[in-house]
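Produce the complete structure using the sequences and hints provided.
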Amino acid sequence: MGNVKKRRAANEEKTNLLTADTIENTSLIRQSGNSDVDVQVKVDTTPIAFAMLCSLLASKQLSQSEFDSAVRKLKRLSTNSGSKNGNKTTKKKDSHRDKSRRRRW
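The sequence shown lines up with residues 1 to 105 when you count with UniProt numbering.
Simulated from the structure, these hints should not be mistaken for lab results. Mixed in with the good hints there might be a few duds.
In silico DSBU-like pairs for lysine-lysine, Cα to Cα no more than 30 Å straight-line [as the list claims (entries may be wrong)]: (1) K5 <-> K75; (2) K73 <-> K6; (3) K5 <-> K73; (4) K60 <-> K73; (5) K73 <-> K42; (6) K60 <-> K5; (7) K5 <-> K42; (8) K75 <-> K60; (9) K75 <-> K6; (10) K60 <-> K6.
If you anchor each label on the Cβ, the simulated ranges turn out as follows [to be verified]: (11) K73 <-> K6: 21 to 31 Å; (12) D38 <-> R72: 32 to 42 Å; (13) V39 <-> S69: 36 to 46 Å; (14) V39 <-> A10: 35 to 45 Å.
Glycine included, C-beta positions come from ideal geometry on N, C-alpha and C.
Written out as structure tokens, the structure is:
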């Protein structure tokens with residue numbers, strides 16, 4: 001029982017470190033009007049990947065060393081990606097109107 005508690009505490013500590021460093025969920029609306037809208041959405045998928053790794057560890061589909069290695073790789077991927085924290089960005093821009101005619105609020 002002692003090993004289980006130690007492992008659970010270590011996993012919780014890793015979870016807290018990852019979530020504190022990587023959770024960023026933002027929406028940014030730059031302009032608003034009839035059809036001139038720029039929307040930028042950032043979705044951080046790192047916590048989902050970490051949850052999947054925890055699930056695999058809990059179901060004994062991963063050993064502790066495989067889990068640790070995967071977590072290190074996940075951290076490296078999320079910090080080295082082009083966008084902050086491994087976020088994927090989708091941007092939609094409707095620019096069929098002349099920019100000089102856009103109304104600024």
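Violated hints, by number in ascending order, as checked against the structure | 7
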